[in-house]
Amino acid sequence: AQSVTQPDIHITVSEGASLELRCNYSYGATPYLFWYVQSPGQGLQLLLKYFSGDTLVQGIKGFEAEFKRSQSSFNLRKPSVHWSDAAEYFCAVGAMNYGGSQGNLIFGKGTKLSVKP
Amino acid sequence: DGGITQSPKYLFRKEGQNVTLSCEQNLNHDAMYWYRQDPGQGLRLIYYSQIVNDFQKGDIAEGYSVSREKKESFPLTVTSAQKNPTAFYLCASSRSLVQGKYSNQPQHFGDGTRLSIL
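If you're matching them up, the sequences are chains A and B in order. Be aware that the first sequence starts at 1, since it is given in our numbering, and climbs by one per residue. Be aware that the second sequence starts at 1001, since it is given in our numbering, and climbs by one per residue.
Looking at chain A on its own, in the form it has when it is part of the complex (with noise of 0.2 angstroms):
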């Protein structure tokens, strides 16, 4: 069965300081990928989405995401970690065989982040 692996529950980071969030996934073929961050009582906003081509894929709010199909991985990165970025952030796949129990995405358990001043 499918399923994407983001292996760090908790992140704390110091302003300032530069980010990478971890996400693997399980699949055969070339994925459709994306990040997605949740600030608190709020929903989900995309922040950015990989098809095909370039594997380095840019996205809003300053962040970067690159795919390494020889890792099964599409890290998310962002070179200076702002205070707003405190949120909870999301990685997913596009599902296989769209239709099961698992709607068109298969999304990770998450990764908090923490930013400290």
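Since the hints were derived computationally from the structure, they do not count as laboratory data. Please note: incorrect hints may appear among the correct ones.
Said to hold, decoys possible - Here are the computed lysine to aspartate or glutamate pairs in the EDC-like style, where the Cα-Cα straight-line distance is at most 20 angstroms:
no., chain 1, residue 1, chain 2, residue 2
1, A, LYS109, A, GLU88
2, A, LYS116, A, ASP54
3, A, LYS109, A, GLU20
4, A, LYS61, A, GLU88
5, A, LYS49, A, GLU88
6, A, LYS68, A, ASP85
7, B, LYS1057, B, GLU1069
8, A, LYS49, A, GLU64
9, A, LYS116, A, GLU88
10, A, LYS112, B, ASP1111
11, A, LYS109, B, ASP1059
12, A, LYS112, A, ASP54
13, A, LYS112, B, ASP1038
14, A, LYS109, B, ASP1038
15, A, LYS109, B, ASP1111
Once you have looked at the hints, place chain B on chain A.
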């Protein structure tokens, strides 16, 4: 602006009551979804609908019901059979297109409804 509206923002339920959460979208999306979110458990899919008058159970459909009479609307009823309904509920929508056999459409989310038991 197009988007998804969930109402109410906060909802309280007495034991034994059914409650209905509203979700409306004006994005002209075919597909709509309901998720439940509990701390540390990520998003769990309750129901989704790919087209009007049709819907499929997700991983945790027990104790919930939905209807899809209009493209714009996908209300979720939390029934008295749902023994632990306290959670944050998120509605989402997407286009229903599939590239090959893999789905490639992002979901767009509402701001959620927090349901609590009195």
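Each hint tested on the structure:
no.	hint	in the structure
1	A/LYS109 with A/GLU88	10 angstroms, holds
2	A/LYS116 with A/ASP54	33 angstroms, violated
3	A/LYS109 with A/GLU20	16 angstroms, holds
4	A/LYS61 with A/GLU88	14 angstroms, holds
5	A/LYS49 with A/GLU88	17 angstroms, holds
6	A/LYS68 with A/ASP85	24 angstroms, violated
7	B/LYS1057 with B/GLU1069	17 angstroms, holds
8	A/LYS49 with A/GLU64	10 angstroms, holds
9	A/LYS116 with A/GLU88	15 angstroms, holds
10	A/LYS112 with B/ASP1111	18 angstroms, holds
11	A/LYS109 with B/ASP1059	15 angstroms, holds
12	A/LYS112 with A/ASP54	28 angstroms, violated
13	A/LYS112 with B/ASP1038	14 angstroms, holds
14	A/LYS109 with B/ASP1038	10 angstroms, holds
15	A/LYS109 with B/ASP1111	19 angstroms, holds
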